[in-house]
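Student: Line by line, the protein sequences are chains P and D. The numbering used here numbers the first residue of the first sequence as -15 and each following residue consecutively. The numbering used here numbers the first residue of the second sequence as -15 and each following residue consecutively.
Where hints are given, some of them may not hold.
Identical copies look the same in the list; a pair holds intra-copy or inter-copy alike.
Here are the simulated EDC-like cross-link-like pairs (lysine to aspartate or glutamate), alpha carbons at most 20 Å apart as the crow flies [what the hints assert, rightly or not]:
| hint | residue 1 | residue 2 |
| --- | --- | --- |
| 1 | Lys8 | Asp46 |
| 2 | Lys4 | Asp46 |
| 3 | Lys4 | Glu40 |
Hints are computed from structural coordinates only; laboratory data are not their basis.
2 protein chains.
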Amino acid sequence: MALIVQKFGGTSVATTDRIKNVAKRVARWKAQGHDIIVVPSAMSGETNRLIGLAREISANPDPRELDVIASTGEQVTIALLAMAMHEEGLQAKSYTGAQVRVLTDSTFTKARILQIDDERIRRDLAEGHVVVVAGFQGADENGNITTLGRGGSDTSAVALAAALKADECQIYTDVDGVYTTDPRVVPEARKLDTITFEEMLEMASLGSKVLQIRSVEFAGKYKVKLRVLSSFEDEGEGTLITVEEDKTMEQPIISGIAFNRDEAKLTILGVPDRPGIAYQILGPIADANIDVDMIIQNVGHDGSTDFSFTVNRADYNRALEVLKETATRMNARGVAGDNKTCKVSAVGVGMRSHPGIASKMFNALGAEGINIQMISTSEIKISVVIEEKYLELAVRVLHKAFGLEKAD
Amino acid sequence: MALIVQKFGGTSVATTDRIKNVAKRVARWKAQGHDIIVVPSAMSGETNRLIGLAREISANPDPRELDVIASTGEQVTIALLAMAMHEEGLQAKSYTGAQVRVLTDSTFTKARILQIDDERIRRDLAEGHVVVVAGFQGADENGNITTLGRGGSDTSAVALAAALKADECQIYTDVDGVYTTDPRVVPEARKLDTITFEEMLEMASLGSKVLQIRSVEFAGKYKVKLRVLSSFEDEGEGTLITVEEDKTMEQPIISGIAFNRDEAKLTILGVPDRPGIAYQILGPIADANIDVDMIIQNVGHDGSTDFSFTVNRADYNRALEVLKETATRMNARGVAGDNKTCKVSAVGVGMRSHPGIASKMFNALGAEGINIQMISTSEIKISVVIEEKYLELAVRVLHKAFGLEKAD
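Start from the sequences, fold in the hints, and give me the full structure.
Tutor: What follows is the structure, encoded as structure tokens:
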């Protein structure tokens, strides 16, 4: 008998029929003798509908009030789920974040969980109840309703699993696990049985949007056993996200190929090569509320250097404008940009102990005539920026080069 | 400067545009220096949509969970209203019933308010905020979310006005006040400037559905000054609901003509005239969850009597079946019924001191050839059951007979 937290995303509870299916699934787990805590998201589309109402009232709605309205989405789902469980013959009780209570800071619309009071939940579990807790929400110390931001239900589930020392936190979603890359690009992409937290973080931040990144950090920090599963299939073990040591010795060097289509590249040419220029260039970009992804500065010569970075494609035009002003001010040689680029990354903890991964990657791309425009590396990831038109080709080539289509 | 509670019904907040209008109206009151507490209902249709979702899950949903879902309707409106007030340059803060807190008993779906903690509201008012409190809801002593049942937002508003000793509780609705009768039946119907709580109770229970009856009882008990106003018109004083002593000496004898179309009549004939028969007849009706309205038992002769009562027309067939079984068991002479009847009532505190009202009423009806099937009277009301086809005629005739079309 185990204590399991099960999180169901918006598509898994999108209709009352799907909610009934979730209840049936929970009933099967319960019948095996497990204690179950269920954390649902809002029915898909509901959060957008609610925020749409707010935007009809105000272009810039008050964050405190936005949380009051947004939190109702999950509140509806918890009650419907509890009712559906009653129909399955289960005892079940629902709680909002404020009721449990999930104590957060007061950063409305993107609050952080500080503490979870497990007393009420433990009492209900002991009495045989399935406990249904609204994801995405909590309350601050003054009782104000808060939300955790988009994808926050994953974080709620992991935080509950950590607070209650659950044996496993299962994230049910519309895919059946984490893949070596997007199967729509590479049909041979293979579901991974395990992936480490660090790899998952790199995969998620690079565009494999299976799990909310904060929840993965949280799970890693509190050593919560996290599993991604499909809510539409009854079979399958999904993908288990583990701490590195849990992986077998025979781990693959590369776990997956991630990519991001929305990357735009900007370069400021011939700026003086002296301390402080990175801040002079990126300060105005940050002031314009533009997030920067990759940053590259190469060795200078003749006292000047070129400085490049990438931004989300939607921010490209604004970023270019800001950069032109900076170039004038810094007396730079000029500015260049390209919004027809993309980023492809190889991710794997194995590369720490296996040199030569980078050259294997560059060689594979070069053999197909794909020019590499920028390179950035971390401990467990190598990213390249290339022309957008080569994206699918590059992902397929790298997937094959690292043998990812083969079973472990 | 006064403290005013303003309640806005579902049609008044049915769209974001109407919510903006409510905010503008509140801003005008605030500009006059008043302290304002606003109590909105859910956007019209929303509560039905939510309960519809619950019914898709379960034919008989758990009341505790039903309240969790139903309470979200008002939670959405309070946040939207607060945002709309911010757009008008007001300070405003929203609270759910549980946050304020509105303490209720644990009778889910029809809880009763026990106490309201006014500390948070008073602090916000002192700081210049408009305080927006969700109607229809509260929380029990264990923090479970409760709702007060249909029309409960009126009760929330009155209870807040009582707890905070407000100068006035204004109920904004889609009519501009209480009328002498339904203007759709009698075009000459006149808006009343004042009506007493007792008259209002009789009018409301008889089918003039302007105010929820429990809120009127509550207002009467706690001497809350209650006013019904239109939320779609900027002019007008509405109708003030007063304790009797406030009315001028020149009060009209009859304040209004109420009617109820959904009345069905049943009679059990020739039952033994002995103690306990009322219970023997009505016990099984109550057990079948059928509400009884009028009850008439006339003097018996030859040791037997006839016993009549009315029920809502929707319950007629079931009630008739139950009554037939009772008749067999009691060895009664038979059973009769008619579901083509209606009830018309004259209401007015003045009739206490003016004898002859009943005969004037019967005379007016008789002159039009309208046969009276049943009569029931209270201190301030006379009701008759007549054939349904005469309803409009009877209402017009009585409205004219008591001179209601004339201004006070």
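Student: It remains to establish, for every hint, whether it holds in the given structure.
Tutor: Going through the hints against the structure:
In this assembly of identical chains, the alpha carbons of Lys8 and Asp46 lie at most 20 Å apart only when taken from different copies (18 Å versus 39 Å within one copy). In the homo-oligomer, the alpha carbons of Lys4 and Asp46 lie at most 20 Å apart only across protomers (15 Å), although the nearest pairing inside one protomer, at 35 Å, exceeds that limit. Within a single copy, Lys4 and Glu40 get their C-alpha atoms only as close as 33 Å, which misses the 20 Å cut-off; across copies the closest is 10 Å, which meets it.
The structure agrees with every numbered hint stated previously.
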